Amino acid sequence: MERFDQLRGEEYISEWPRHSPQDLRRRDATLIAAKLALNAAMTAPVAGGVPQIDAHLVYGQEELEKVARKMEELAYTNNRWKKRFLNEAVMVRESDVILFLGNFRAHETPLDAMCGLCGGEKGCAFVYEGRETKDGLIDITDRRSKTPIKGPLCSARVSDLGYVMASAVWMTQTLLVDARPFMSVGLAGQKIGYCPNSSIVVGIPMSSTSKSPYQDIPIDYHLINMDKMIDNTRKNFVVNRQTASGINFDYRTQYPKSRKEEKNG
Amino acid sequence: MARIDGRVAAREAVLESAKLAAAAAYRAPMLTGKLNLKTEIITDEDQDPIIDFFEAVKSISPVMFFDYETLKYFREKGETLPILLLGADLTRSELGWDCGACGFETCADFNAYAKEKKGGTGLMWGGPTCNWKLMDFSAACDFACASIAQCRLDCRAMGTIGAAAAGVGFLPDCSIRIGVPIGPPGDFIYFSRSQNLNAISYEEQREGIVRTSPTNWQAFPGSTKPCIKTKQDWWNNMEYVKFEPPSTEEQTFTLECFDRVMKVSQKHTPHVTAWYNEKDK
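The listed protein sequences correspond, in order, to chains L and C.
Taken in order, the first sequence gives residues 427 to 691; the numbers are from the working numbering.
Taken in order, the second sequence gives residues 195 to 475; the numbers are from the working numbering.
Be careful, since some hints might not be right.
[Unchecked claim] Only pairs whose alpha carbons sit at most 25 Å apart, straight line, appear in this in silico DSS-like list of lysine-lysine: (1) L:K509 - C:K228; (2) C:K228 - L:K508; (3) L:K509 - L:K548.
No wet-lab data here; the hints were simulated from the structure.
Treat the numbers as computed from the prediction; the structure is a model and nothing was measured.
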């Protein structure tokens, strides 16, 4: 029973300051939730129950920053998604964990059921004619692409990724952890190399803080957010304590009296 | 005070869970925020057109056959499985992301192709499809199923029901449809389907497995033309895998089946679509 003697301790937990030991202990619990969400994703219903999911768990200040910066880089490649990507990069910085989920069959091993979802009446020919193939085998070794994602993809597989993504989010909601799936996060993760075998990736940042990072987003969020507010406070108050009051007395021996105190002697 | 038969209450609860599942579907997380989701709950005799469609197509599609057996079994038993039907039109992209996943360089190219080809369907669904809106649609289906699972009820998202529903006119303006039959209160029915026991004989099941996974029974391949061990004394009158197009008889069989499917479709579609016209009045 000796091992149970070690089962004791105390852990102080607080979400502030960010990345402090007390915050990291909090984040550890989100990581557990993320792993359970991953389980839910892996058991999501997919066509034929065929294994097809790549997953990547990413956490830690530097790792999240890397994803956010990649999103900011991608933001400037398309005006239509610029605002969205910049806003969502802030959300990533405020997250605890990102769960990346990708489909590694969508580009290489389609469902081959002639379902018609990808291109209509052409059936699977739509995908096979759009890719390099030999006798029904798709050659994926040429990874050059004019577009951010190299299509066409098997839509039936992509559809399955939708189920997978939603099951993960369902689990986070059941655990009362805030989460939301993003295309921007997924694309950035894919470009960094997460879910290395997948042709399409979604990113699900998760957070267990008092305010969900994924809702109530103000205008120009990449300029007006908690990090910027705090940094501007640091920038200004350093000066304020000097100019407004600090250099005008010696706190060890002096203290300015209020008018009320002066009046009362 | 009242007394309610538990079986009756459970049946009612299954229908209630279908309604909750529809609500959950609309609450699903979205990547695009642009999905126009349509849902409908189909019960009792309103399922007959779908079952008829299954019956017409079952001889050429085992998966349709299995689902036909299941739906028919519970319909005949008087315990029809309520079906939550979900659909959406995914053939337009308003996103402008130009991501390339669909195979076109830009969303504009995709939309132009869609405009030209719209209505063209594969065996089950229409295309082309915006992959991001598709994931939102699937997320809605997943939330519906998860909501039912949390009620401790069984369900299964079925493309077959979606295709059959399309064939007889349900959700006419959608390019994709998924049917989620729910319940009944009881043991597993969508997996390990006990109600299908007598649908296929042992011999047919064995042949099906050998046909789909011949390598499991493949003899020594040194000749490069290995025989398949299809029977106990496989070394006598050896049998082989051959590559050949379907025979004339097989092709005729398939065409006759499609003919029956068309007739079922023509029979039911006016009646099924009339409901939408009534509803919109």
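Status of each hint after checking the structure:
Between L:K509 and C:K228 the alpha-carbon distance is near 17 Å, which keeps this suggested pair within the 25 Å criterion. Our distance criterion of 25 Å between C-alpha atoms is met by C:K228 and L:K508, whose separation comes to about 17 Å. A threshold of 25 Å between alpha carbons decides the hint, and for L:K509 with L:K548 the separation of about 37 Å lies outside it, so the pair is violated.
Figure legend: structure checked against the earlier numbered hints; the only hint not met is number 3.
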